[in-house]
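J.: All chains should be built: construct the whole structure from the sequences, respecting the hints.
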Amino acid sequence: MKIECVIDGKMLSLNLNSNKPLSLVLQEDLDNSTVNAHCRGRLCGLCAVLMDNEAVLSCMVPAFELNEKEIRTFETFQKERSMRDIERAYDEVGVKPCETCYQSRSIIIESLSNKLLERPNTPSEQIISELSVIDCSCMDTEDMLKIVKRVTDLKRRRNVRRS
Amino acid sequence: MADRKGFTKYNIQYGLILRSPIGHSKLLGFNLPNLDKSFFILKGEDLEGNNSISFIDGDIPIFASGEIAYKGQPLLALFGTDFESVEIALSKITPITEPIDEESGPTEFIEPYEYSFGKEQIPSDEELSKMRKTESEFTFNATLFSNPYRYATYAWLDGKGITIESPSQWEEPIRKNVSYHTGISENLIEIINQKHFSKRDEYLITPVIFSVIAAIAAKKTGLPTRMRSVARAARPQFKIKKTTYFDEEGNMAFEDADMSVDQGAYPIAPHELQRQAMAGLLPLYRVGRFRGRVSILKSFNAPASFSGGLGYPEASAASSVHISKLPMKNTLTPIQYFDSFDSGSTKFNDILPSIDISEYQDSIEKISELSSYNRKWMTNSLMKSEFGLMGNIRGIGFAMAVGIAGFSTTFAKHSPFEAQITYTQKHNISLNTSGSSSRDIEYWKSIIENEIVEKKGSEGAFIFIERSSDTIDSGPDTLNRFTSCLTPQLKEAAMKIDSIKDKEKPPISIRFKVENPNSPCEFEPSGFGAEIIELSISEYSYKPVVRNIWATLNLDNVINTKDVKERIKRHILLTLEECGAVLSNTCKINLSIVDHNKNDGILSSIVAIAKSMTMGAFLNALKQATGKESPELPTGAVNIESLLSGRSNEN
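Going line by line, the protein sequences match chains E and U.
Take 32 as the starting number for the first sequence in our numbering and just add one per residue.
Take 4 as the starting number for the second sequence in our numbering and just add one per residue.
Read the hints as simulated data drawn from the structure, not as lab findings.
Be careful, since some hints might not be right.
Said to hold, decoys possible - Which residues of chain U face chain E? A few of them, derived with a C-beta cut under 7 Å, are:
id: 1; residue: Arg570
id: 2; residue: Arg573
id: 3; residue: Lys591
id: 4; residue: Ile592
To be verified - Calculated pairs, BS3-like style, for lysine-lysine (alpha carbon to alpha carbon, straight line, at most 30 Å):
id: 5; chain 1: U; residue 1: Lys591; chain 2: U; residue 2: Lys379
id: 6; chain 1: E; residue 1: Lys180; chain 2: E; residue 2: Lys146
id: 7; chain 1: E; residue 1: Lys127; chain 2: U; residue 2: Lys369
id: 8; chain 1: U; residue 1: Lys494; chain 2: U; residue 2: Lys516
id: 9; chain 1: E; residue 1: Lys177; chain 2: U; residue 2: Lys591
id: 10; chain 1: E; residue 1: Lys177; chain 2: U; residue 2: Lys95
id: 11; chain 1: E; residue 1: Lys100; chain 2: E; residue 2: Lys146
id: 12; chain 1: U; residue 1: Lys546; chain 2: E; residue 2: Lys127
id: 13; chain 1: E; residue 1: Lys186; chain 2: U; residue 2: Lys565
id: 14; chain 1: U; residue 1: Lys198; chain 2: E; residue 2: Lys51
id: 15; chain 1: U; residue 1: Lys565; chain 2: E; residue 2: Lys110
id: 16; chain 1: U; residue 1: Lys95; chain 2: E; residue 2: Lys180
id: 17; chain 1: U; residue 1: Lys122; chain 2: U; residue 2: Lys136
id: 18; chain 1: E; residue 1: Lys177; chain 2: U; residue 2: Lys568
id: 19; chain 1: U; residue 1: Lys242; chain 2: U; residue 2: Lys12
id: 20; chain 1: E; residue 1: Lys177; chain 2: U; residue 2: Lys379
id: 21; chain 1: U; residue 1: Lys40; chain 2: U; residue 2: Lys95
id: 22; chain 1: U; residue 1: Lys95; chain 2: U; residue 2: Lys29
Unchecked claim - Okay, the calculated bits of chain U under chain E, using three or more residues with CB under 8 Å as the criterion:
id: 23; segment: 83-96
id: 24; segment: 404-418
Even glycine gets a Cβ: it sits at the ideal position worked out from N, Cα and C.
T.: This is the structure in structure tokens:
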């Protein structure tokens, strides 16, 4: 199947098996070094990428869904300003995800903070349930929540300054 | 540094491992499909010399040959032009096996290690039979953790040499084993260590095997090789039984501890494990006589890695579980009972020097108050059979642990693990060691600046020597060795340099052992921790849900409190995950750190303390919640369901 999409800013035309998961497309066809997990859909949560600005688990996205979508992996996301906000929040809260889930967790935090900017009244339970998609116990819920809120706060302040 | 710029995905060969789908059996051969010339197979018999790698004091086979020792053992490696085609071809290869009739259980691998101390004589069996006793059992079953995180191992020829790129906790065995199997001189082997986070020492042994396979393939074909694997780590099985005998006056006259450790098919550092485990078995209270015994078993399970500690955390957790069982009356909680001990120190012995527990009783009291431990413990105990249809399914547990780090003194005396500090002609300080996490370098810098630069007010710079074949092997990055053991040794060496640098002409070098080989005891205690865990059993999933955690740690020389706090929290959470616990969404870790600021004190071993106290507190809480004396770890819904249903039958 021929698929046209934008991955990490590059417009690509790929000839793929239609049900090949995005995680494998990134690892095997595009040699992306930032998506390393492949749990075959067991929800390890370590392969998150941004699809049209929303975090998705790449092992759950079949290739046919990629058509005309924009994918951002940690490879480009780590160079963006939003990542600096997240790093600042890690530093301020005093906890950092482990190297195993660092990339995926940062991407999910980015997606959640964007949601919180749009809908500030999102209940904490919803944020927690989205954060707990990562099957790695290196951080507790309270700290994760603090980080998401801090990142949202940093973004909001910047938006106010801009406007 | 040789990088990967020279090759692309079109001129590289991709390799995957075929693992045994069955356990102990005879391996007669393989059913191989017709593979075209683009594929290349590597089996045990193809390997030059020996089909094994050497690691510390033992050998581990690279591929099974003739006999499969455990389920999941590597059987062969297949290389091709891309991972997809290799994976498809690999699925068509099946091993031809035959069951082995004489199936035997675990066998003793080495002589059991026995140790006893105390003034009193060991009572005879007849005397013991007349004494009142308290027994406790602790079981942590063997577990194989398979992380979905896939890491890559690269090998490519670089002129006459070879470059290996892999995550690794210890580069030296990679260099030695690759050299042995490929015939390439050790100084022509460059190792690029990938960034990694080792939860359970999974990057200690497996990367050595994968590096050797990738290097052999690269040498045979002349092509750069990339191998893919998931990070796997196996835990040993621990069974611990502790019995305390009381004399007529109610004093603890004798304590007996028996521990057996099943290290799987290829036990690693078994003698060291015995010493580490013995340190955890020692009682943290005064007892007339203590006797401990640690046996190492070999079985047909996956070979166990260090798993964050060599038996010390489990043994120490078992001791905490035992302490909680000692109060004979329900009117005393374990903390109240512990508080009632005579203040003073534990007895000095060959394994650990005396520890002044009374020094820590205040901080235990503090977290007890914060968590309302005594009230909750009493309530849970009294309501056990009264509350609801399932009984009371809440529990609160307490545990404490002394921190130890690194290898024992006996190991250090014979180990080649060293580092070197040099005061150069340009009045710089350089450190030559294979241990180099950025966190450790920061610690070392501050020590050197304190001891040499600031003292004399001279301008100095710290140089960390880049890794090469000249790097001194400081041993594996495990057991907190580089933070807790190398640091005090470095401090001593820096002080020596400071005292002679004005008398002798530079360069002045001092080479020192990473662990102190002259310590009078096997281990130097470094810090103390206590933890309380509150949990309840989910009525829907039967999983233990941790509600709250309180922990306090008394540490020496904390340089970066934030960093230490982060590490402790992380290891508490990882240990809970390992034990089979689930965290509630509102779970909070209330952590306090007391820095003793003792100049002669050493930085504590975070992993050992965090694992020991978390495991012990969790098991004590689980015992109270399920009402069973010896729930096994790691626990799960099935275990708990059977424990709870067993209890209702009894009732």
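J.: Could you run down the list of hints and mark each one as holding or not?
T.: Comparing the hints with the structure gives:
{"no.": "1", "hint": "Arg570", "in the structure": "10 Å, violated"}
{"no.": "2", "hint": "Arg573", "in the structure": "5 Å, holds"}
{"no.": "3", "hint": "Lys591", "in the structure": "5 Å, holds"}
{"no.": "4", "hint": "Ile592", "in the structure": "6 Å, holds"}
{"no.": "5", "hint": "U/Lys591 x U/Lys379", "in the structure": "17 Å, holds"}
{"no.": "6", "hint": "E/Lys180 x E/Lys146", "in the structure": "11 Å, holds"}
{"no.": "7", "hint": "E/Lys127 x U/Lys369", "in the structure": "28 Å, holds"}
{"no.": "8", "hint": "U/Lys494 x U/Lys516", "in the structure": "12 Å, holds"}
{"no.": "9", "hint": "E/Lys177 x U/Lys591", "in the structure": "12 Å, holds"}
{"no.": "10", "hint": "E/Lys177 x U/Lys95", "in the structure": "50 Å, violated"}
{"no.": "11", "hint": "E/Lys100 x E/Lys146", "in the structure": "19 Å, holds"}
{"no.": "12", "hint": "U/Lys546 x E/Lys127", "in the structure": "27 Å, holds"}
{"no.": "13", "hint": "E/Lys186 x U/Lys565", "in the structure": "25 Å, holds"}
{"no.": "14", "hint": "U/Lys198 x E/Lys51", "in the structure": "28 Å, holds"}
{"no.": "15", "hint": "U/Lys565 x E/Lys110", "in the structure": "26 Å, holds"}
{"no.": "16", "hint": "U/Lys95 x E/Lys180", "in the structure": "50 Å, violated"}
{"no.": "17", "hint": "U/Lys122 x U/Lys136", "in the structure": "20 Å, holds"}
{"no.": "18", "hint": "E/Lys177 x U/Lys568", "in the structure": "16 Å, holds"}
{"no.": "19", "hint": "U/Lys242 x U/Lys12", "in the structure": "49 Å, violated"}
{"no.": "20", "hint": "E/Lys177 x U/Lys379", "in the structure": "29 Å, holds"}
{"no.": "21", "hint": "U/Lys40 x U/Lys95", "in the structure": "16 Å, holds"}
{"no.": "22", "hint": "U/Lys95 x U/Lys29", "in the structure": "20 Å, holds"}
{"no.": "23", "hint": "83-96", "in the structure": "holds (count 3)"}
{"no.": "24", "hint": "404-418", "in the structure": "violated (count 0)"}
Violation of the numbered hints given earlier is confined to hints 1, 10, 16, 19 and 24; the remaining hints are satisfied by the structure.
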